[in-house]
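Could you put the whole structure together from the sequences, leaning on the hints where they help?
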Amino acid sequence: MGIRCELCHRPVSTVEQTWANRLSALEGKPPGRKAFECKICEALIFEDEMDDGRFAPKQPRRFWS
0 MGIRCELCHR PVSTVEQTWA NRLSALEGKP PGRKAFECKI CEALIFEDEM
50 DDGRFAPKQP RRFWS
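Number 53 in numbering that gives the first Met the number 0 belongs to position 54 of the sequence shown; there are no gaps in the numbering.
Hints in this document: simulated from the structure, not taken from any laboratory.
Check each hint, because a few of them may be wrong.
Claimed, not checked - Pair ranges (Cβ atoms, derived):
no., residue 1, residue 2, range
1, 21, 49, 16 to 24 Å
2, 27, 49, 15 to 23 Å
3, 29, 8, 25 to 33 Å
4, 9, 29, 24 to 32 Å
5, 12, 51, 15 to 23 Å
6, 30, 8, 28 to 36 Å
All values reported here derive from a predicted model rather than from experimental measurement.
For glycine and all other residues, C-beta sits at the position ideal for the given N, C-alpha and C.
Here it is, written out as structure tokens:
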């Protein structure tokens, strides 16, 4: 069983590493961080931001709005 979103409880997907690196750069962070997204909640979380290994978005990031 994979990682699930704590908001909607649906499975999250891994963001392609090229895109994760680009998004990290937008935040001034180094590349290489793994990112996960919940397409239902429109939330993205990097692995170092997870809450005890849980995908628990506090406020969803919306890079496209």
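query = When you take the CB atoms of residue 9 and residue 29, is the distance between them in 24 to 32 Å?
reply = Cβ of residue 9 to Cβ of residue 29: about 30 Å, so the range 24 to 32 Å holds.
Distance restraint hint 28 to 36 Å, applied to the beta-carbon atoms of residue 30 and residue 8 = Holds - the Cβ-Cβ distance for residue 30 and residue 8, about 30 Å, lies within 28 to 36 Å.
query = Between residue 12 and residue 51, is the Cβ distance one that fits in 15 to 23 Å?
reply = Roughly 20 Å apart at Cβ, these two residues keep to the hinted range, so it holds.
query = Are residue 21 and residue 49 spaced within 16 to 24 Å by their CB atoms?
reply = For residue 21 and residue 49 the Cβ distance comes to about 20 Å; the hint holds.
key: Satisfaction of the hinted span 25 to 33 Å by the C-beta atoms belonging to residue 29 and residue 8   = Given range 25 to 33 Å: holds, Cβ gap about 31 Å.
ask   = Are residue 27 and residue 49 spaced within 15 to 23 Å by their CB atoms?
value = Holds: the Cβ-Cβ distance is about 20 Å, inside 15 to 23 Å.
The structure is consistent with each of the numbered hints, conforming to all of them.
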